[in-house]
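There are 2 protein chains.
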Amino acid sequence: MTRTAVIGAGPCGLAQLHAFEQARLAGADIGEIVCFEKQSDWGGLWNYTWRTGLDERGDPVHGSMYRYLWSNGPKECLEFSDYTFDEHFGRPIPSFPPREVLYDYIVGRAKKSDVRQYIQFESPVRAVSFDGAAQTFEVTVQTWEPSGDSVLRTESFDHVIVATGHFSTPNVPEYPGFDRFPGRILHSHDFRDAAEFTGKDLLILGSSYSAEDIALQALKYGAASITVAYRTAAMGFDWPDGITEVPALRHLEGHTAHFTDGTSRDVDAVVLCTGYLHHFPFIDAELRLSTPNNLYPDGLYKGVAWTANPRLMYLGMQDQYYTFTMFDAQAFVARDLVLGRLPSPSPQEMAADVAAWRDRYARVDSIMEQIDFQTEYVRDLMTLTDYPSFDLDLVRQHFVEWEHDKDESITGYRDKSFASPCTGSVGPTPSTTWWDEPDDSLARFLQR
Amino acid sequence: MTRTAVIGAGPCGLAQLHAFEQARLAGADIGEIVCFEKQSDWGGLWNYTWRTGLDERGDPVHGSMYRYLWSNGPKECLEFSDYTFDEHFGRPIPSFPPREVLYDYIVGRAKKSDVRQYIQFESPVRAVSFDGAAQTFEVTVQTWEPSGDSVLRTESFDHVIVATGHFSTPNVPEYPGFDRFPGRILHSHDFRDAAEFTGKDLLILGSSYSAEDIALQALKYGAASITVAYRTAAMGFDWPDGITEVPALRHLEGHTAHFTDGTSRDVDAVVLCTGYLHHFPFIDAELRLSTPNNLYPDGLYKGVAWTANPRLMYLGMQDQYYTFTMFDAQAFVARDLVLGRLPSPSPQEMAADVAAWRDRYARVDSIMEQIDFQTEYVRDLMTLTDYPSFDLDLVRQHFVEWEHDKDESITGYRDKSFASPCTGSVGPTPSTTWWDEPDDSLARFLQR
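Line by line, the protein sequences are chains A and B.
If you're matching positions, the first sequence starts at 1 in the numbering used here and goes up one per residue.
If you're matching positions, the second sequence starts at 1 in the numbering used here and goes up one per residue.
Hints listed in this document are in silico derivations from the structure and should not be mistaken for laboratory results.
Treat the hints loosely; a few may be bogus.
Pairs involving identical chains hold if they fit within one copy or between any two copies, as the list cannot separate such chains.
As the list claims (entries may be wrong) - Think about it this way: if two alpha-carbon atoms lie no more than 25 Å apart in a straight line, the pair counts; the simulated SDA-like pairs of lysine to any residue are:
no.: 1; residue 1: K200; residue 2: R265
no.: 2; residue 1: K112; residue 2: N47
no.: 3; residue 1: K220; residue 2: G177
no.: 4; residue 1: K406; residue 2: S147
no.: 5; residue 1: K220; residue 2: E253
no.: 6; residue 1: K112; residue 2: S225
no.: 7; residue 1: K200; residue 2: H255
no.: 8; residue 1: K220; residue 2: L442
no.: 9; residue 1: K220; residue 2: A356
no.: 10; residue 1: K200; residue 2: A269
no.: 11; residue 1: K111; residue 2: T263
no.: 12; residue 1: K75; residue 2: P60
no.: 13; residue 1: K75; residue 2: Q117
no.: 14; residue 1: K220; residue 2: A269
no.: 15; residue 1: K112; residue 2: T433
no.: 16; residue 1: K416; residue 2: R360
no.: 17; residue 1: K111; residue 2: S417
no.: 18; residue 1: K75; residue 2: R231
no.: 19; residue 1: K200; residue 2: P438
no.: 20; residue 1: K200; residue 2: W46
no.: 21; residue 1: K220; residue 2: E349
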């Protein structure tokens, strides 16, 4: 019997299990599927933890999720086409839900398709290698006895699907003066509760989603001021009073941050929103994806199959406009490669396909073109499998509108409503604005 | 040629290299010694880093050191008998130095004995196993090319000495309400700068050295209040205004901490001073020390040699009154076992010796008896090798006096002076008290 390991039970891993389960329910022989999850519950990043640094077993904490996080894109852009928000909540809900609502939604589909049966929790994978003679992957997993004693075991698999995400291992640069700064310096990976910074003057380094969202959130929960230093270009939003963008940090001198434009500012804490590393130390070097964060990492056929050994697959390793739906589309492709429903491509075919996509990606030079590029990538995936279709052009249009909305009002864009690409229903306008609503609970959200 | 691997270049690893180098300078054939160090410089914990959580390569940060840390015991109790403080600084200095001074001292001896030649920096050990057929240890080390590409290589060794310390992997318990607490929750491993807590109401969980020192330090640098919750017994010092001990935490409810005596208190941040795990995930299970923190871990002959395979040794794995001198005494024993100067004990001899020490330890039931126990342990080690003798009874007496001093004044005990067990010289009384001296630099310390 074919054995397939799925590593991780977050959005990607759950998408993969769901994809297999759909095939099984339709009568396919899917072989044996085993999902190994390091945490004690499913949901990946969306399974919020207060822990930072190392977990209760001395392992790096997976989560980078923080309290009061709200979706920064319309939920309609990540809606499962086979499990809509309307189906899950029984009625239309606003377009920008907080974490707990999205967690409930992801887990809702996983419960409906009953994929928990495939998951072994508290089972971190410690090693993945390929046995050329046996033509199998050797997967070493750690578990713990009730006594606390740890046990390592190694199992053979015909396929391995890596679904561990790439927003867990922080990229942490150093600047002169960090070692003498009298306050907290943290990476956004360790950011948990904006309330910690109430009344504080905050320095944020970065110019991508984390910088944008943590700046806004810190201000919303009472920070005195936020200075955001960028290396390449300012985000340039029409920031509310209290948030300022400045050029790159040169160094810290005590409390004082000095920037490359010669200005300076006293700050109480520094948040490094400097991104994440694709980090898979448990995977043998010759199987290990090594890439910067971009829309088409090299070495992955259809963005999924490891070209050097395509029975190894990676999900969700792209930089992301599309998220859950892209993971679904990838998971269906991965499943159909495993099941032989898609032909095994030759190395030449894979190389040519990857080269064509990377050529196309090299010509992308604006945000709008990035959106188009990833839309076409998802469209390509969707032609390959029976993943239920949805109005991809509407999603593309939502992304474009959303970018404009952000330019118009960075504090107000989360109050808009979008139409579902699956059902066409339009979320209601919430009764309180995102900016004025401190309560991010599911209960409160459903009342708004 | 005999090959010996030393893992770690902190106080224990440097003591080991120093011990070997002393033998080599005296004409011994010490074989090949290779020290693998994860960090980019030596000194272990004493090599302060501002980083927390994961380092620049996604590895757990080794350091638990924080700014403004001063020795919490008299320096005379940790003085190298072959490299005195008087020799290093050229004159007597006060008895309680801050981190930078101790770092300078440790590194001073390492420079004098020129042991840097043995150390490979930025070389974390990823695996240690034993090849029964070849009777060698296989040590897998990771390094990085200038391009950033990582390389794993495996080398064979006749002996392995683990000197990685056991104050790096935090023991992090969870209490109800942690996931909803609106502020920072950190383990003392991630505590870096007390200035972060100026004006804050702090909750500290624990009743050992970290709790004691972080409570005092937080108050010294301006925290509004510190509540220390103990599980078993209060530390019971005559705390300055602003520090209160209470029974164990039951749960948090928002900002409010509820204790088992029914009292409650609003707090802004929580520091878990809940200790560390002996954590050696890179060592094969059958070679791996697994122990709670105590004065005589099971399975180590003379507290050093892994009884199941005594060519593997561990340094400094005990709970510690004695530190640098105990590491030295252990390192000399480890060296002489490697060099065959000490006879290889039979499994029966080792078992009997360990059992005798553990029996004796089981009867220890006070702090004074703990001090006596570890004094006798160090004395036993010192009878075995040519480690230069020092006045061990004086050190024991210092520890006893120091415990009394702390009971007398927890803020004042660091202003006392003690006589060197090596030179007899007595450190001068500093011109400012520890409590009133915010500057912990070496330069300032030498002026006081």
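Hint check:
1. K200 x R265: both (13 Å within a copy, 23 Å between copies)
2. K112 x N47: Within one copy, since 18 Å is at most 25 Å while 52 Å is not.
3. K220 x G177: between (29 Å within a copy, 23 Å between copies)
4. K406 x S147: Neither: 52 Å inside a copy, 38 Å across copies.
5. K220 x E253: between (28 Å within a copy, 22 Å between copies)
6. K112 x S225: Intra 45 Å, inter 50 Å, cutoff 25 Å: neither.
7. K200 x H255: both (12 Å within a copy, 18 Å between copies)
8. K220 x L442: Classified as within; 19 Å inside a copy, 42 Å across copies.
9. K220 x A356: neither (44 Å within a copy, 63 Å between copies)
10. K200 x A269: Result: close both inside a copy and across copies, 7 Å intra and 15 Å inter.
11. K111 x T263: neither (54 Å within a copy, 41 Å between copies)
12. K75 x P60: neither (30 Å within a copy, 35 Å between copies)
13. K75 x Q117: neither (28 Å within a copy, 58 Å between copies)
14. K220 x A269: Both, since 17 Å and 20 Å are each at most 25 Å.
15. K112 x T433: Close neither inside one copy (32 Å) nor across copies (66 Å); limit 25 Å.
16. K416 x R360: Neither: 33 Å inside a copy, 72 Å across copies.
17. K111 x S417: Close neither inside one copy (27 Å) nor across copies (67 Å); limit 25 Å.
18. K75 x R231: Classified as neither: same-chain Cα gap 30 Å, cross-chain 46 Å, threshold 25 Å.
19. K200 x P438: Cα proximity of K200 and P438: in one copy and across copies (18 Å, 22 Å).
20. K200 x W46: neither (28 Å within a copy, 30 Å between copies)
21. K220 x E349: Intra 51 Å, inter 67 Å, cutoff 25 Å: neither.
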